[in-house]
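Engineer: If you want the building blocks of each chain, they are given just below.
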Amino acid sequence: MAIGQHAAPASGTRIAADVGGTFTDVAVFDERSGALRLGKTLTTPQHLVDGIESGVARADSVFSDAALFLHGTTVAINTMLERTGARTALVITAGFRDIYEIGRVNRPEAYNLYFRKHKPLVPRALRYEVHERVTAAGEVLKPLDEAELERLVPILRREGVEALAILFLHSYRNPAHELQAKRYFAEHCPDLFITVSHELSQEYREFERASTTAANAYVGPRVSHYLAEIDQHLERSGFPGTFLVVQSTGGLYDGDRARRECIRMLESGPAAGVIGTQALCAAIDLPSAIAFDMGGTTAKAGVIHHGRVLIAGTAMIGGYNEGLPIQIPMIDIQEVGTGGGSIARLAAGGALRVGPESAGAAPGPACYGLGGAEPTVTDANLLLGRLAADRFLGGDMGLDVSAAETALRDRVASPLGLDLYRAADGIVRIATASMSNVVRRVTTERGLDARDFAMVAYGGAGPLHAALVARELRIGKLIIPNAPGHFSAFGMLLADLRRDYVRTLFARLEDVAFDDIEMIFRAMEEEGTRSVHEAAANVSAVHLTRGADMRYVGQEHAVAVDIPREHFLNGDRAAIKKCFDEEHRVRYGFASETERAEIVSLRCSINGVMAKPQLSRIKVGGAQSSSSALRAKRPVYFTDHGFLETPAYDRAQLEANNRIDGPALIEEYASTTVVLPGDALTVDAYGNLIITVGNS
Amino acid sequence: MMDTPAQPNAKAQRTTVADPIVTEIVRNALVGITEEMKTNLMRTAYNMIIYEALDFTVGLFNAAGDTVSIGLGLPMFIRGMSETVKAKLRHFGVDGIEPGDVLLTNDAYTTGSHLNHMTFSVPIFADGELVGFSACMAHWQDIGGTLGGITTDIYAEGLQMPIVKMYRAGKLNEELFEIIRMNVRIPDRAIGDLRAQIAAVKTGERRFLELIQKYGKEAVLSAIEAIMDHSEALAREQVRAIPDGIYEAEAFMDDDGVEQGRHIPIKVRITVAGDEMTADLTQVSAQVRGFYNSGMTAGVSACQVAFKCLTAALDLPINDGCFRALKIVLPAGRVVSAVRPAAMRWWMTFPMTVVDSIFKALAPAVPARVIAGHHADLVIANVHGRHPRDQQLFLYLGGLIGGGWGAKLTEDGMNATIAINDGDTHNGPTEQAEAKFPILVERYALREDSGGAGKHRGGLGNEQVVRALSDIMVNTQIERVECRPWGLFGGLSAAGNQVVFQRNGEAPVVHATGKVFAQHLKPGDRYMLRSGGGGGFGSPLDRKLEDIESDVREGYVSIAAAREQYGAVIDPATMRARRTDSAALRARMRAAGLPRDVPFESLGGRVPDPQIGEVALDPIGTELKALMPRAFQLRCRCC
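In the order they appear, the protein sequences are chains X and L. Using this note's numbering, the letters of the first sequence map in sequence onto residues 1 to 696. Using this note's numbering, the letters of the second sequence map in sequence onto residues 1 to 639.
Nothing false has been slipped in among the hints.
Simulated crosslink set (DSS-like; lysine-lysine; CA at most 27 Å straight-line):
#, chain 1, residue 1, chain 2, residue 2
1, X, Lys619, X, Lys40
2, L, Lys202, X, Lys578
3, X, Lys612, X, Lys477
4, X, Lys119, X, Lys182
5, L, Lys214, X, Lys477
6, X, Lys619, X, Lys477
7, L, Lys171, L, Lys202
8, X, Lys633, X, Lys619
9, L, Lys436, X, Lys578
10, L, Lys86, L, Lys327
11, L, Lys86, L, Lys217
12, L, Lys522, X, Lys142
13, X, Lys142, X, Lys182
14, L, Lys202, L, Lys86
15, L, Lys202, L, Lys165
16, L, Lys544, X, Lys119
17, L, Lys86, L, Lys171
18, X, Lys577, L, Lys436
19, L, Lys436, X, Lys142
Take a look, some chain L residues computed to stay more than 10 Å from chain X by CB distance:
#, residue
20, Met161
21, Gly274
22, Ala560
23, Val569
24, Ala573
25, Thr580
What the hints contain is simulated information worked out from the structure, not anything from laboratory work. All values reported here derive from a predicted model rather than from experimental measurement. Note that CB positions come from ideal geometry on N, CA and C, so glycine has one too.
All chains, please: the whole structure from these sequences, using the hints.
Structural biologist: Here's what the structure looks like:
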């Protein structure tokens, strides 16, 4: 980027594009006017760049005018889930080629005789063993013999291998053999996409690391191709700025690194939503919040705790039961298969179930009139009056009330002997209960109390159900941001550059040599700092955070603990122990001050702070909303109340300080916010809807 | 005699009619609560068996002790907690239990299992009424008793804790605490696990009470009964689809570890009549001298596990409604209903073969629902010694390597998956084991040709080679070495489990038995565990040639086995089957009654095994001595 020399002004626009399965969302921030412009368009699976381009056009923007392009994409995760990646080989320590297939041998579906465990991305025939061995202490027991690598070269060629993953045991302690093999293959097979395990994960657990490494190699060529396509498009469009990709941590990284470490972008869209929540919290002085994102097929939850986003060390891609583990830091996002399209069905014995089967986009809910015969959560919301048949997607798509009614009556209400509206309400309540469980998984199960949090709700269906979920969890404050349907793209505009490092190092706290630890941290921090500066020119500051994975001696599972830098610099064992005890108490309800602790891994993250767009303020009004904001009144069904005459407001017409008591509906393009009886809504200075949830 | 009657109309005591909406919300919540209890325990436990292997079970029970929801932890403990809660109820009486109590026992004949299974429960009171229990069993790594060798009664197996109150109305019983501390080898860990278990049951109690607070006591308790009724209805519907009849099967265990080579019969008789099933285990062997006995609870668990697998495997939560359509006939004193003072240390092994035998019995009736025999053992080596770093005792649970599962009517068996005793049990990472213990894992790999041949092939077993880096003691208690996992409908038996030792750099030896006790290994010596495969389903001569080609390419099946067992002639140059030659060979084999099944392995004592020799002994072997002293000094560079 060359400020001032090109047509792009010093502060041009920044464009964010979140390409999802169904929609491509674009958010554009114009730094000159402070305006935020949005575009939504259907994703174009054959050529994703087209969707991005038309989304940008819908947001009245052009690349030639932009200083930054921020991108979140499902290309990596879809390549994994749809198994459309490169022909990949794995080179691994002799005796261990099957660990990728053996995995952890568990059967989560303990009674299912037809249970299928994970399926490796690399078939057994393409997993090659090499004699070499490093011990747990990092000592070389058996040197790597390059003659064995040499023998593999023609085999890889003959087998048509496009990508290569390399893993040797204990490479987190001593990566020499992995580096040697990487150099060798890079020289002798220059066309291969090569990934070595320690560059992605320096943590013990060979299966998880193998899976991470293989997945990176597997998606690598396709992701590289995709990123190159975008580069070309940007070049053709005269884009003068910097192109950055969102990682699963919500941090940004540059295209070069994204091409090598593709696996870090797996969950970029959902992560950006959580980052948006974090930025929103900072702007409105909210220390802690739950980020709640509900779309057509799933609901997701993440957590901001005292300003920090909670991060997990491993995720199972494709689900816990048969998924593949990826062992890198990611935002801790839990997901449940409940969305607007979730189908309500009767199981044997008359039990009512909602989801996980979804009507998807085709045939979709019964009310879409596209042939869906089964009732869904969206059909229930329509019958309850919460969705307006003539204003769905801004009126672009009419909804068929009678089709919803038929589906719900015939398949749920009549068989259960329930009144139609009680049945519809029941479906929404069941969906709410299961979404509440997903929020509990990121709070209660992490030792956090959901009642201490506010909830930020977004995604197309989030604002429709958020108040119910909040009541279920006794959350007192609910925030619906502007353009909730574009919130992930918006979040990208607020992200920072980020690098994460984790390095396994088993040591008892009482024996720790702080000089050595300092060397390790310094090396990681220097590399990270250099890397964020290389990624973009406009880094205003670099923030370093340190931590360690710790456990009591004898425990197996370690807890990730944030530890202030000075404790390491001062060699303050007692203070580090105290941080760990405290975190352990928060997470598990007890701590043991007298017990010895040990360090399992060192962690640090490097944040390259980018200048952020400021949230713009909306027109200030009084407590009473303007008359133009009220669209109409209609009967809406509420649990314990039945139908109540309920006003529907046009969100675009609301002004700061407006106050609306529930029951009420706030409508906008692609989303409706439900304000329950007993709840009260105010509009804040930025146009966020702040809902005080009454006690139910 | 356990003669659990099937309960055709187990009637609700509650008069409130359950609301279908609240019922579904409560159902979700119950599954969520048991998940949360599981997460809580797993993350705070001190021993690898709980955390990595997930050898524990958590659950919620009603005021009568019936299962309302139990976690998916350990299938074979599906009955253990409910029966333990009921025993505690009988012991104290409802009036003898008060809020804040924490009840404990590890009585082997109550839990049906070994003494390591410390089982805690707390009563849940709402408005002064006892409404249920929250309970948790977890495997303690050490409970005293012998570290290896044979036991022939329970007294040699460690601390026996009768039914006691660890906490009485919230107050800790310090004396009990001290009794435990004095009787276990690593008291700090034991106490850590104890604390983790109590935290887990308290979580269950708290969350159950929140549910009652939100929806009301009557509504929640009625919903629970409705959930049980739904599960019952679902199971009955599935049983009704099984043709009425009497179905029998017999299988054998290798021996009891005392009298080597004397097979032990496991004979089951299943009767299906309408929507009810009866499992009769009367003809299962009497209890044995060795430590392979389990209690009545375990025998019943085996039947219920099989029943759950065959009826509604994915219906959650697991509750006692699921089993109302199953009647079990099991007299006391059988090897799976043993009475004091039977030795119980390896309680979990025999019931697994009971489960497989029930599938075998029902195969003619419901071929699409059953599965061929599996390796049916956890394949564990118990290793202990003094760590060269600090001369402290260490206990290493080696193995849990997984093994092959049986093939099915429509698909191949799973490779390398944990036996049916366990569910979400994980093996331990090699990188972790090597950092903690003075061992080197040299190989962890699939066993080629170990899956039973069939139209659908059984899954492959594994092998793990471990080298001692200091003096260690090794015990293996492995079964089904001789009595191999069987095939169904013409499918062949799979390879059985095996144990191999190699000492002083001499030729490795395969043991005729998997029960190899108290073996001393010197630095540089090795042991190898091999798990069996799963049995095949249907004749291997009917397996598609493309599938065989793929198996050979992947190295699951050797070219030789493809020929001998499948009648497929593979061209080694192209790795493709010669179509005409294969058809001719298959016709000849069919006419000759080939391939022949070999249901019993005959190892004939200690025989040399060439395969372990493939693991490169050198230069690792020669460099090992020089390395060993350094390996531990340098274990951590910052120390």
